[in-house]
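The lines below spell out each chain.
Protein chains: 2
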Amino acid sequence: MSAAPKILVVGSVALDSVRTPYGEAENALGGSASYFSFSASHFSHVGLVAVVGRDFPAGHRALFESRGVDLSGLETADGETFRWRGEYAAELGHAHTLETRLNVFSAFQPKLAEAHRDADFVFLANIDPELQLHVLQQVRRPKLVISDTMDYWIVRKPDRVLDVLREVHVAMLNEEEARALAGETQIVRAADRLLEQGARAVIIKKGEHGAYYQSHEERFIAPAYPVEALTDPTGAGDSFAGGFLGWLACSGRMDGDALRQALVCGAAMASLAIEGFSPVRLIETSQDEIERRVARLHRMVHFDLQPLFQDLG
Amino acid sequence: MSAAPKILVVGSVALDSVRTPYGEAENALGGSASYFSFSASHFSHVGLVAVVGRDFPAGHRALFESRGVDLSGLETADGETFRWRGEYAAELGHAHTLETRLNVFSAFQPKLAEAHRDADFVFLANIDPELQLHVLQQVRRPKLVISDTMDYWIVRKPDRVLDVLREVHVAMLNEEEARALAGETQIVRAADRLLEQGARAVIIKKGEHGAYYQSHEERFIAPAYPVEALTDPTGAGDSFAGGFLGWLACSGRMDGDALRQALVCGAAMASLAIEGFSPVRLIETSQDEIERRVARLHRMVHFDLQPLFQDLG
Numbered sequence: 146m147s148a149a150p151k152i153l154v155v156g157s158v159a160l161d162s163v164r165t166p167y168g169e170a171e172n173a174l175g176g177s178a179s180y181f182s183f184s185a186s187h188f189s190h191v192g193l194v195a196v197v198g199r200d201f202p203a204g205h206r207a208l209f210e211s212r213g214v215d216l217s218g219l220e221t222a223d224g225e226t227f228r229w230r231g232e233y234a235a236e237l238g239h240a241h242t243l244e245t246r247l248n249v250f251s252a253f254q255p256k257l258a259e260a261h262r263d264a265d266f267v268f269l270a271n272i273d274p275e276l277q278l279h280v281l282q283q284v285r286r287p288k289l290v291i292s293d294t295m296d297y298w299i300v301r302k303p304d305r306v307l308d309v310l311r312e313v314h315v316a317m318l319n320e321e322e323a324r325a326l327a328g329e330t331q332i333v334r335a336a337d338r339l340l341e342q343g344a345r346a347v348i349i350k351k352g353e354h355g356a357y358y359q360s361h362e363e364r365f366i367a368p369a370y371p372v373e374a375l376t377d378p379t380g381a382g383d384s385f386a387g388g389f390l391g392w393l394a395c396s397g398r399m400d401g402d403a404l405r406q407a408l409v410c411g412a413a414m415a416s417l418a419i420e421g422f423s424p425v426r427l428i429e430t431s432q433d434e435i436e437r438r439v440a441r442l443h444r445m446v447h448f449d450l451q452p453l454f455q456d457l458g
Numbered sequence: 146m147s148a149a150p151k152i153l154v155v156g157s158v159a160l161d162s163v164r165t166p167y168g169e170a171e172n173a174l175g176g177s178a179s180y181f182s183f184s185a186s187h188f189s190h191v192g193l194v195a196v197v198g199r200d201f202p203a204g205h206r207a208l209f210e211s212r213g214v215d216l217s218g219l220e221t222a223d224g225e226t227f228r229w230r231g232e233y234a235a236e237l238g239h240a241h242t243l244e245t246r247l248n249v250f251s252a253f254q255p256k257l258a259e260a261h262r263d264a265d266f267v268f269l270a271n272i273d274p275e276l277q278l279h280v281l282q283q284v285r286r287p288k289l290v291i292s293d294t295m296d297y298w299i300v301r302k303p304d305r306v307l308d309v310l311r312e313v314h315v316a317m318l319n320e321e322e323a324r325a326l327a328g329e330t331q332i333v334r335a336a337d338r339l340l341e342q343g344a345r346a347v348i349i350k351k352g353e354h355g356a357y358y359q360s361h362e363e364r365f366i367a368p369a370y371p372v373e374a375l376t377d378p379t380g381a382g383d384s385f386a387g388g389f390l391g392w393l394a395c396s397g398r399m400d401g402d403a404l405r406q407a408l409v410c411g412a413a414m415a416s417l418a419i420e421g422f423s424p425v426r427l428i429e430t431s432q433d434e435i436e437r438r439v440a441r442l443h444r445m446v447h448f449d450l451q452p453l454f455q456d457l458g
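First to last, the sequence lines map onto chains A and B.
Residues in the first sequence are numbered from 146 upward in steps of one, following the working numbering.
Residues in the second sequence are numbered from 146 upward in steps of one, following the working numbering.
Derived from the structure by calculation, the hints contain no laboratory data.
Incorrect hints may appear among the rest.
Since the list gives no way to pick out one identical chain from another, each pair is judged satisfied if it fits inside one copy or across any two copies.
Taking lysine to any residue and the SDA-like style, the derived pairs with C-alpha atoms no more than 20 Å apart in a straight line are [stated by the list, open to error]:
(1) K351 x H239
(2) K288 x G401
(3) K256 x L278
(4) K256 x R345
(5) K302 x E232
Taking the hints into account, I'd like the entire structure generated from these sequences.
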């Protein structure tokens with residue numbers, strides 16, 4: 146595919162082994178760029194920049210192709226694919242990592258092809274902030290760049306994480322990461338603090354409690370879609386980002402209304418991701434199912450605003 | 146005041162000593178019925194049924210009267226008023242109780258006056274479920290009864306807590322209580338389970354993450370109002386209940402739209418409660434300020450529902 150993808154993601158493609166109270170998966174397709182790509186692919190054309198090893202199964206590659214994901218930026222290096230092994234306890238809040246083998250990912254140096262440098266929308270998934278900055282130098286004039294990060298980088302390279310946060314349009318973090326980076330326990334204040342430190346906008350992911358967007362102008366709250374069939378929370382945040390950026394690319398709008406809709410698309414995609422191991426539900430879902438979840442979220446949060454006290458005097 | 150109050154609350158009036166990272170208060174007016182009354186008083190006429198000791202300050206009584214709360218059901222017994230001493234850590238999630246002296250509250254037996262038995266809306270605040278059932282036998286034909294509870298009763302009298310849950314229109318619990326009572330770690334499943342066990346509807350309070358309403362017909366999600374000046378989370382749940390029941394009493398409606406609006410009024414009142422020690426902010430707030438918070442919550446969650454994929458084919 147030679148046309149420039151509208152959306153570019155730079156992150157990891159991995160083989161995950163995960164155990165949750167609801168089952169387990171061995172060497173299943175995983176990685177931030179995978180979840181993001183499958184999620185965003187329902188909305189727009191996605192190009193993926195990542196690295197895998199010689200052991201990466203052709204079947205996995207075919208899954209990306211089935212969703213129209215541009216794999217021209219998926220490098221194959223000598224060695225093994227990044228492997229992660231983890232488990233979740235009953236609350237499913239946080240993964241307990243049992244083993245991380247970076248393998249070929251440890252030497253990953255994202256080099257964007259010409260066509261990729263013109264992407265309008267860019268997701269800098271959770272990789273070394275130095276690499277995120279390196280990618281930012283290569284993209285030409287993106288309309289919107291979102292970054293993700295993780296506690297590992299906040300502890301080791303807080304200044305670089307803040308450099309990234311200042312360079313992107315929206316910095317995405319989870320609650321603990323926002324607290325750690327801002328040095329504030331209260332989330333609203335943590336968001337204020339990150340804006341003071343130069344962020345243009347932040348999205349704070351709160352898992353089953355939804356997501357919170359704050360810029361200098363606006364605050365939005367998107368609930369999580371209530372999932373009954375929760376199976377494996379891996380990839381929820383990346384799938385959220387895929388729905389968010391996907392809808393902005395698809396709608397061609399970036400006003401407040403579009404941002405709110407994008408948050409809800411993100412919530413819908415995250416809810417699908419966690420209903421199965423690996424991104425299976427993101428691959429098999431349909432536009433109809435996504436529409437239904439967004440409509441259901443609308444019903445759950447919408448209320449008519451009317452004067453409360455008009456008759457009371 | 147001889148007219149029957151529209152809303153009746155049965156619960157505690159206490160003297161609280163609270164320390165948070167933002168300050169402290171000694172022997173300040175507290176108790177579930179206090180927070181609820183001040184909150185609901187902005188919407189409708191409230192009658193309070195509780196007990197205090199001979200030491201209860203006349204100034205506190207005057208505060209209730211300043212908000213038009215009917216204190217004819219506030220018994221004064223020989224002995225001291227219920228006292229609670231607690232502190233909150235930086236996260237402000239849960240109070241650490243340092244001391245509880247039930248005093249006159251330990252022999253509390255709510256007896257409703259004739260006029261009170263005709264209340265349309267009843268809040269059974271967190272008291273012994275046996276007493277809650279005793280109150281339910283005394284009210285004649287309430288339109289809506291909401292119950293609250295706490296882990297203390299769930300551990301000691303789970304069957305009685307479930308009896309109450311089956312008798313009321315809406316059972317209100319926080320996340321941990323819902324998990325404990327339902328025996329389910331996932332909140333959505335816990336709500337399902339409580340409905341299976343006979344609840345008509347549940348509201349699960351999630352603190353800074355808002356509240357979740359589920360009945361057999363509907364699910365609503367109300368976010369919390371983002372508070373910058375968080376001072377003392379004591380009474381947030383009772384203040385939420387006051388806004389919720391207050392709006393239903395005020396609007397005279399109980400359809401889905403009214404329930405959603407009521408959840409948001411609850412969120413607005415809870416946000417005011419936690420901005421100060423004791424119910425000071427609930428007492429001094431205005432209809433204008435409440436309207437503004439509800440309108441702001443509307444802006445934060447509202448999004449236009451439109452077909453996502455109409456142009457994609």
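Against the structure, the hints come out as follows:
Taking the closest pair of Cα atoms, K351 and H239 come within 20 Å of each other both inside a single copy (12 Å) and across two copies (18 Å). Proximity of K288 and G401 under a CA criterion of 20 Å is satisfied intra-copy only: 15 Å inside one chain copy versus 40 Å between copies. With identical chains, the CA atoms of K256 and L278 are at most 20 Å apart within one copy only, with a shortest distance of 12 Å there and 69 Å across copies. Taking the shortest Cα distances, K256 and R345 never come within 20 Å of each other, neither inside one copy (26 Å) nor across copies (58 Å).
When the C-alpha separation of K302 and E232 is checked against a cutoff of 20 Å, the pair qualifies neither within a copy, at 26 Å, nor between copies, at 35 Å.
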